[in-house]
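There are 2 protein chains.
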Amino acid sequence: MCGTENTTLAPRRPAVPNGTPSPDPVINLDQGDPTMYEAYWRGMGDRCSLVISGSEVMSYLGGSPGGACWFLEPKLEKSIRRIHGLVRNAAADAEDGHHVVVGTGSSQLLQAALYALCPPDQPEPTSVVCAAPYYSCYKEIAELLQSKLYKWEGDAHNFNKDGPFIEIVTSPNNPDGLIRKPVVNSPNGRLIYDLAYYWPHYTPITHQADYDIMLFTISKCTGHAGSRIGWAIVKDKEVAAKMTKFMEVTTIGVSRESQLRAAKLLGIICDDCQAFSTNTKSQNFFDYSKRLLTERWDKLHEVVKRSETFSLSKFPKDYCLFSDRFYETRPD
Amino acid sequence: MCGTENTTLAPRRPAVPNGTPSPDPVINLDQGDPTMYEAYWRGMGDRCSLVISGSEVMSYLGGSPGGACWFLEPKLEKSIRRIHGLVRNAAADAEDGHHVVVGTGSSQLLQAALYALCPPDQPEPTSVVCAAPYYSCYKEIAELLQSKLYKWEGDAHNFNKDGPFIEIVTSPNNPDGLIRKPVVNSPNGRLIYDLAYYWPHYTPITHQADYDIMLFTISKCTGHAGSRIGWAIVKDKEVAAKMTKFMEVTTIGVSRESQLRAAKLLGIICDDCQAFSTNTKSQNFFDYSKRLLTERWDKLHEVVKRSETFSLSKFPKDYCLFSDRFYETRPD
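Protein sequences, first through last, are from chains A and B. Note that the numbering used here has the first sequence beginning at 918, numbered continuously upward. Note that the numbering used here has the second sequence beginning at 918, numbered continuously upward.
A portion of the hints provided could be inaccurate.
Just so you know, same-sequence chains aren't split out, so a pair can sit in one copy or run between any two.
[What the hints assert, rightly or not] In silico SDA-like links for lysine to any residue, alpha-carbon gap of 25 Å or less:
hint, residue 1, residue 2
1, LYS1154, GLU1060
2, LYS1154, LEU1061
3, LYS1068, GLU1041
4, LYS1216, SER976
5, LYS1056, SER976
6, LYS1068, PRO1037
7, LYS1181, GLU973
8, LYS1181, ARG959
9, LYS992, TRP1069
10, LYS992, LYS1231
11, LYS992, SER981
12, LYS1154, CYS1054
13, LYS1068, ASP1038
It is worth saying that the hints were derived from the structure and are not from the lab.
Looking at chain A on its own, in the form it has when it is part of the complex (with noise of 0.2 Å):
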């Protein structure tokens, strides 16, 4: 699990895209990019399209009074909550107190817990760990101001300090697609999960998960990553406000523009699968999307069936509650 030998052949989120003067050897953005789902979306036509007149959405306020983010649009707060509601892969309603944060992209919303669970008054900054072989985004994250609230401590199966802590638990993990629990064992930590791949296009939805911060990301959903539309579903109340303060400060909110589109195409794909539910699912997103990259894999097992280099993960198949079958993990 700590190698990467054992990996897919590269990272599917962006790692150092160019554009800056950096040591580190530059990662084209090509590779993370999920391009691949276009050719479904422009098959959906005129339906899909998004008109916005020069007077929409002009305020800065978008949000519910009374909601937890005063900058999230009703619209996708629902869209949301409707397909967690329907894939089942998350536990995000909001009877049972889980509330909805919408940031700019998920990588916001990281920073935004980190920032929410990182008490000011610390005479040490709080560590954050994950386990190898993790995103390589999220050292560069915890690194970039040198903060003093939170420092970035590497593998979580190093981690062997008393103080508190933050795990971040990556699950289908980037970049090896396995499924992940917490690895470090000690009271002191808070957990953050990244779930940006737990959609029934990469795996199996095995049970609904329902932990205190799960994060998520358009990009990985629907594939529209140029809208960088992430969201949170968060338990504590106090928690989503000090997220939501911090995309407060440091963007002042987050794109209306590109949530009411994230709405719309989250909107779409819940129609579809909904219309489709009585009969095969053949037509929907999900379904489409899942024999693309199960046909891209098996091109890629031909490749490295001959290679002495690679070799591939196994990943075992599971029941999904969405799809009603039995499958394997897919990563893009």
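Starting from the structure of chain A, add chain B where the hints point.
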């Protein structure tokens, strides 16, 4: 200049909106929300509508190859350079080495500039100052993560340290609308100019600004605060690259939908200014908005004249290069 009794009555940008448990007094966002321009954009009808199909702008990548900012939409870059060339408020020609960096509002760009200007290996954090009265969010931004790179040191008038510093120069100033210059007299400083209000509906364009880092935002230019689009004009390519890096790590770019909308709206303003330039310019956005602000300002004057508690700043008349007229600053 340091007091607040001689200023406008409400903050012109959001300060501490609701949505968070905070010991600070909560100021409602409505006070800084530029929704007064909605009627203008409504009157423009379908001409300003943006239509985005489900398969457009899906990729992370949007920028021109070889540009300083890999996620800047070429259409937005073109509109930004065009409007500055037309209004003559800022030097922004590519041929003269002015780089454009887009951000999720100018707040993100301010953080990006702090990151870019503060070397990571200094023994002490770089001081950040601004002449009082200043936009309250500067302090919040600089203190949020307790960065070791920089430290908020408050009023630039009181700054007398020998070490490196950054002075934020806001002109016209928020909250008092005054035209500003740097106040710290030291060779160790770097300057960030926040020119959010340096547009002809707020103040006469007396000169073409040509500073190292100049920040603008669509919120104050066209009134589209909900889009969260800001931009920086940056002379030093390495600074532009570091600012881009900041946006890359914190939000992996900027909403492409919002960028396309901003590009369209700025382009329409330019088209209309040029269409009326041989006429009276009576219908262009800036003249419409200037009249609106003058009416509001006159009403405020009437109210304040009857008050014994408040007074209003006196603004000198100046010749505006863009409008070809003399007039006074009219803060929103």
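We went through each hint and held it up to the structure:
{"no.": "1", "hint": "LYS1154 to GLU1060", "result": "between (27 Å within a copy, 23 Å between copies)"}
{"no.": "2", "hint": "LYS1154 to LEU1061", "result": "between (27 Å within a copy, 20 Å between copies)"}
{"no.": "3", "hint": "LYS1068 to GLU1041", "result": "both (9 Å within a copy, 18 Å between copies)"}
{"no.": "4", "hint": "LYS1216 to SER976", "result": "between (48 Å within a copy, 23 Å between copies)"}
{"no.": "5", "hint": "LYS1056 to SER976", "result": "between (35 Å within a copy, 23 Å between copies)"}
{"no.": "6", "hint": "LYS1068 to PRO1037", "result": "both (13 Å within a copy, 15 Å between copies)"}
{"no.": "7", "hint": "LYS1181 to GLU973", "result": "both (16 Å within a copy, 14 Å between copies)"}
{"no.": "8", "hint": "LYS1181 to ARG959", "result": "both (15 Å within a copy, 23 Å between copies)"}
{"no.": "9", "hint": "LYS992 to TRP1069", "result": "neither (36 Å within a copy, 38 Å between copies)"}
{"no.": "10", "hint": "LYS992 to LYS1231", "result": "neither (40 Å within a copy, 45 Å between copies)"}
{"no.": "11", "hint": "LYS992 to SER981", "result": "within (10 Å within a copy, 33 Å between copies)"}
{"no.": "12", "hint": "LYS1154 to CYS1054", "result": "between (27 Å within a copy, 24 Å between copies)"}
{"no.": "13", "hint": "LYS1068 to ASP1038", "result": "both (15 Å within a copy, 17 Å between copies)"}
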